[in-house]
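Quick mapping for you: the protein sequence lines, in order, are chains A and B.
If you read the first sequence in the working numbering, its first letter stands for residue 323, the second for the next number, and so on.
If you read the second sequence in the working numbering, its first letter stands for residue 323, the second for the next number, and so on.
Where hints are given, some of them may not hold.
Same chains, same names: a pair is fine if it fits in one copy or spans any two.
[Claimed, not checked] Distance condition first, Cα-Cα at most 35 angstroms in a straight line; then the derived DSBU-like pairs of lysine-lysine:
#1 Lys411 with Lys492
#2 Lys326 with Lys372
#3 Lys326 with Lys441
#4 Lys326 with Lys437
In short, the hints are calculated from the structure, not lab data.
2 protein chains.
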Amino acid sequence: MDIKQYVIEHGRQVNLAAGQHLFRQGEMEDALYFVKQGLFKAYYLCQDGKELVKSFIAEGDVITNLSAVFEREPCTFSLLALEPAALVKVDFDSLYQHTLDDLELSRFMLASLIKLAQKKERREYEFLCLDATTRYQQLMQHQPDLLHRITQNDIARYLGITPVALSRIKHGRKA
Amino acid sequence: MDIKQYVIEHGRQVNLAAGQHLFRQGEMEDALYFVKQGLFKAYYLCQDGKELVKSFIAEGDVITNLSAVFEREPCTFSLLALEPAALVKVDFDSLYQHTLDDLELSRFMLASLIKLAQKKERREYEFLCLDATTRYQQLMQHQPDLLHRITQNDIARYLGITPVALSRIKHGRKA
DNA sequence: CGAGGTAATTAACCTAGGTTAAAACGCTGA
DNA sequence: TCAGCGTTTTAACCTAGGTTAATTACCTCG
Numbered sequence: 323m324d325i326k327q328y329v330i331e332h333g334r335q336v337n338l339a340a341g342q343h344l345f346r347q348g349e350m351e352d353a354l355y356f357v358k359q360g361l362f363k364a365y366y367l368c369q370d371g372k373e374l375v376k377s378f379i380a381e382g383d384v385i386t387n388l389s390a391v392f393e394r395e396p397c398t399f400s401l402l403a404l405e406p407a408a409l410v411k412v413d414f415d416s417l418y419q420h421t422l423d424d425l426e427l428s429r430f431m432l433a434s435l436i437k438l439a440q441k442k443e444r445r446e447y448e449f450l451c452l453d454a455t456t457r458y459q460q461l462m463q464h465q466p467d468l469l470h471r472i473t474q475n476d477i478a479r480y481l482g483i484t485p486v487a488l489s490r491i492k493h494g495r496k497a
Numbered sequence: 323m324d325i326k327q328y329v330i331e332h333g334r335q336v337n338l339a340a341g342q343h344l345f346r347q348g349e350m351e352d353a354l355y356f357v358k359q360g361l362f363k364a365y366y367l368c369q370d371g372k373e374l375v376k377s378f379i380a381e382g383d384v385i386t387n388l389s390a391v392f393e394r395e396p397c398t399f400s401l402l403a404l405e406p407a408a409l410v411k412v413d414f415d416s417l418y419q420h421t422l423d424d425l426e427l428s429r430f431m432l433a434s435l436i437k438l439a440q441k442k443e444r445r446e447y448e449f450l451c452l453d454a455t456t457r458y459q460q461l462m463q464h465q466p467d468l469l470h471r472i473t474q475n476d477i478a479r480y481l482g483i484t485p486v487a488l489s490r491i492k493h494g495r496k497a
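Construct the entire structure; sequences and hints are all you get.
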């Protein structure tokens, strides 16, 4: 079955206002979402209360909390709508079961997972090998569009630095 | 077809001595490897000549350079045998084509990719939210076995710090 | 056994980025 | 218009980790 067909048959529309959570760290979650409209930030809340941004998710992206739905554990991060959003919600287990029996669905999942793995590998590379200034430049190059929809605070926490440090970097004040 | 069967039919044995490379950053590569024996480090060589360790790969693991084989680009990292190693080499394109037409192979690929994605997400979390000391403790907890097979230099470069810093952390000398 | 090589430790000093707090700069809404 | 609130900037100071280099601890090989 085509993934679009599957989503039409099994999906449920979900709408969120900006500022609302799709799910929260610690909660149980069993769904996978297709983003039709809007912008999300996925973020971790650390023990010391700090918030770090795992990723931004926009139209066309698929989002789920892998370890949560797959291992049936509490969500490892929260997902917050930064803009009014429209999504389609699909039960993960059910989709996964169908995937195991349907070559066309399976191809879709494979492609999505490879894309995800590549994205995470690039991020791993950036944290491992680049300093904050270079990471910021890369972000500007590769996602210039994103920067206009996101607050500088969130960009900083995505880069793994503080808003203060990002402001310094932007204004070339390092000494 | 069962993945084991596929490997038996299409795989080619490869043996490496400790210190030999399976492939090098910048080279072209089109294979996927199943590690039967041995230990590898995957590492990046940065522009400034520094070496950072992406991951360690041991018996039972599957290793490939995703972006290289999938996007037909030069390898993004090098793979070096730290111990004498035995692997089975499989052509990626061919396996991928079979995967697209065979549910059983497809299930294997899905499972591998999900495992990979989870591993990379955990690493992303660690870089984003934890300091070097905590990352080291986590590593000791989750892979105590690895530590005995790997040099402290490599552990440091895997944690994203210098060997000097790791030595300081181990001996509680922070001031 | 001793020479040479790598890995680990230590010390002194340096820098990127964190912390805190205070201003400046928008907004939006009454 | 202006009050109120979040975002960004700036400044002063602090700390984790980097850098360099010297010292020590292991190995392996002749």
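Point to revise | Hint numbers not upheld by this structure, sorted from lowest to highest | key: 1 and 2
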